[in-house]
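Peer 1: First to last, the protein sequences are chains A and B. The numbering used here applies: residue 1 is where the first sequence begins, and numbers increase by one. The numbering used here applies: residue 1 is where the second sequence begins, and numbers increase by one.
Honestly, the hints are just simulated from the structure, not real lab data. Glycine included, each C-beta is placed from N, C-alpha and C at the ideal position. Be a bit skeptical, because a hint or two may be false.
As the list claims (entries may be wrong) - Quick list of in silico lysine-lysine cross-link-like pairs, DSSO-like style, CA-CA up to 30 Å:
| id | chain 1 | residue 1 | chain 2 | residue 2 |
| --- | --- | --- | --- | --- |
| 1 | B | K234 | A | K203 |
| 2 | B | K234 | A | K39 |
| 3 | A | K203 | A | K241 |
| 4 | B | K250 | A | K400 |
As the list claims (entries may be wrong) - Computed list of chain A residues with no C-beta within reach of chain B, every gap over 12 Å:
| id | residue |
| --- | --- |
| 5 | Q364 |
| 6 | S420 |
| 7 | F465 |
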Amino acid sequence: MPFLASAPALPSAMPSQPIDQFARELSPETRASVYQSTKTTHEKRTKLLFDQFADPNRLRTLAGEIKQHAIENLDTLLPQVEARLTGNGAKVHWASTAQGACEAVLRIMQARGATKLVKAKTMVSEEIELAHFLEGHGIEALETDLGEFIVQIDHDHPSHIVRPIIHKNRREIARSFEREGLGAYDDDPGTITRRARHYLRHKYLAADVGLTGANFVSAESGRIVLVTNEGNSRFCLAATKCHIALVGIEKIVPRDRDLAVLLNLLGRSGTAQELTVYTEFIGGPKSAAQPDGPEEMHVIFVDNGRTEVLASECREILRCIRCGACLNVCPVYRQASGHAYRSVYPGPVGAVLSPLLAGERFPQLADLPKASSLCGACNEVCPVNIPIPDLLLRLRQRAKEENVPSPGTPPMGAWALLASQPTAWRAALAGGRLMNHVPTKLIPVPALQAWAAQRELPAWRGGEFRKWLRQRRSR
Amino acid sequence: MLNSERSPITGKRVQLMATCLCDAFYDDVAAATVEVLEHLGVEVGFPESQTCCGQPAFNGGDWAASRKVVRHTVRTFAGDEPVVVPSGSCAAMLFHGAVLEFERERDLPEVEALGRRTWELADFIVNGLGVSSWEGRFEATVAFHRSCHSRGTASGEAALTLLRSVPGLRIVEFGEGEQCCGFGGTFSVSFPNISAAMGTLKLEHVRAALPDVFVSADMSCLMHLGGLAAREGKPIRIRHLAQVLRDALKGGIRE
Chain A
1 MPFLASAPAL
11 PSAMPSQPID
21 QFARELSPET
31 RASVYQSTKT
41 THEKRTKLLF
51 DQFADPNRLR
61 TLAGEIKQHA
71 IENLDTLLPQ
81 VEARLTGNGA
91 KVHWASTAQG
101 ACEAVLRIMQ
111 ARGATKLVKA
121 KTMVSEEIEL
131 AHFLEGHGIE
141 ALETDLGEFI
151 VQIDHDHPSH
161 IVRPIIHKNR
171 REIARSFERE
181 GLGAYDDDPG
191 TITRRARHYL
201 RHKYLAADVG
211 LTGANFVSAE
221 SGRIVLVTNE
231 GNSRFCLAAT
241 KCHIALVGIE
251 KIVPRDRDLA
261 VLLNLLGRSG
271 TAQELTVYTE
281 FIGGPKSAAQ
291 PDGPEEMHVI
301 FVDNGRTEVL
311 ASECREILRC
321 IRCGACLNVC
331 PVYRQASGHA
341 YRSVYPGPVG
351 AVLSPLLAGE
361 RFPQLADLPK
371 ASSLCGACNE
381 VCPVNIPIPD
391 LLLRLRQRAK
401 EENVPSPGTP
411 PMGAWALLAS
421 QPTAWRAALA
431 GGRLMNHVPT
441 KLIPVPALQA
451 WAAQRELPAW
461 RGGEFRKWLR
471 QRRSR
Chain B
1 MLNSERSPIT
11 GKRVQLMATC
21 LCDAFYDDVA
31 AATVEVLEHL
41 GVEVGFPESQ
51 TCCGQPAFNG
61 GDWAASRKVV
71 RHTVRTFAGD
81 EPVVVPSGSC
91 AAMLFHGAVL
101 EFERERDLPE
111 VEALGRRTWE
121 LADFIVNGLG
131 VSSWEGRFEA
141 TVAFHRSCHS
151 RGTASGEAAL
161 TLLRSVPGLR
171 IVEFGEGEQC
181 CGFGGTFSVS
191 FPNISAAMGT
201 LKLEHVRAAL
211 PDVFVSADMS
221 CLMHLGGLAA
231 REGKPIRIRH
241 LAQVLRDALK
251 GGIRE
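All chains should be modelled from the sequences, with the hints used to inform the complete structure.
Peer 2: Set out below in structure tokens:
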């Protein structure tokens, strides 16, 4: 297969970062799936945006300003949205922690005597590990998004924000379906989809409660916006009597008209679609004005660390609309895949968001912001123009300040000393020549060894330019 | 990474920031930069106290160490003259990175002032001096790597403007040109496997385009890719933009 060669791997004893180790162990098959899929989506996304808009970058800037304005005004927008939602007939709940959000769902279920829940895809439910929690309380919580359904039957984790099973191929999925009694082995994607659909249809009818996330919530109207491609969120709400929407507090936008900008960018950036197949605007539960849908509606706003992110120097990350474009373009994500990031949110956005949401467990995920060559491609594609590289750098600095160990990162103290003393610097330039006469293998500098394991080092020519310039000047 | 707020250019004297990589490994690139600037009638000063822009520690998260080096750099490049640097990466460090790490420092204004008069070489020639064509001859097919630190700046387009104008020089496109080469400073040694895999992929794309010369405005990318290619036993001919421009004046490729 072209363009998938990997460089000779390092001996495992060489210290390198956890994500690098993970990438080293990744099966070529998985890497190929991730690479092909991300590359194709990224290229289509770029073509679509630049074919259809005179200046997509201005649109990205505008969308970023809208979201930045929203997150900086949550103190007024949140009460406003609560009043709107209540006025529309929904019940609003506030959860400051993951545990609190899970318990809120459980309370709603128990109050209705409900035992079966069908779920549409929502990242925040992954974040708070809702399905696991509910199952522990005897409640069936079934994923109805095809990718999430496969993740669930495999007891796996999503590896991409938009495409949870980007790391799997259809042969693996066919084997899982066979194991679960969903039909004899058949890896035809159409057959797989039909079988899942058949199985899920019955589950929708038997379920008590339908749970969705929200891509946006308008503070102006209280409308909840759901963006999907499979129609499963509609089914979740069509047959159930109760709708629970689980919403991160950063999903609020001030006005309905802001959605025009954001929806135009979300589909194009995430899946290279002008719009996703379904865009739902839910104004409240069943009423005279809205004759369809569940008779009861609950909206649970989840903080779970977001106000701390808002108070931090990385608050721009709360603009994120979960399109996954930064994952698709990221060369590190393409090599390492999503599971390398050990958290719900992978890729560049996850490398910023996950350590922040980890709160006191920051040191455990402090290596994620290092998994970047700081190439800036993520910022270039981000529909809300998040300066991801700057945020990665701020988090690297925080990790250093908190003395989190960082395998493979060269210490900078001696270098800074040399580089701020010109005499010492010039001496080092001259002294470095010794390297030309000693085999690299024998020089006990870990960074040099890590470099030289796969790349030649150019000849040391320290001070030669200065000498040349002096001679030129004296002529 | 915008560098739009820049001090206007007055006079034809600049200070050259040679970069630590050229100081240590690539003396001919720094020399070519001097020759190219002098060819344009620019008087080139070289502050002897210069060391490094401070980026390695900045990227590594050690901002205290980095600020020490940036402060030294600010002192070294005192004055009002433009600072020209044959690297998009070092230039971006000065007009963007340094400003970020000095946000809360009292000497932020001095750092910002240096950033405003720092120019990447191609950007300086095309947008600073207003020179958009190059003379001489360079008979070769060139693949140009738009290094990542020039994203959002005028440097990439400026370099291509100059290269396209060189008589005899043909530019070839290659696949996934917007993707990073995998160098990334300390990333190259703390993520050696991913870094090398990214570089190998880049090399495959570049080789598929069959260029005679692989050119960039950043030696760091070329050191990584050239080093990988050499280790594979399939070396590629790498050149800095400044070397191509200088060699064009002297009749073409020099070995």
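Peer 1: Can you give the numbers of the hints that this structure goes against, from lowest to highest?
Peer 2: Those not satisfied are hints 1, 4, 6 and 7.
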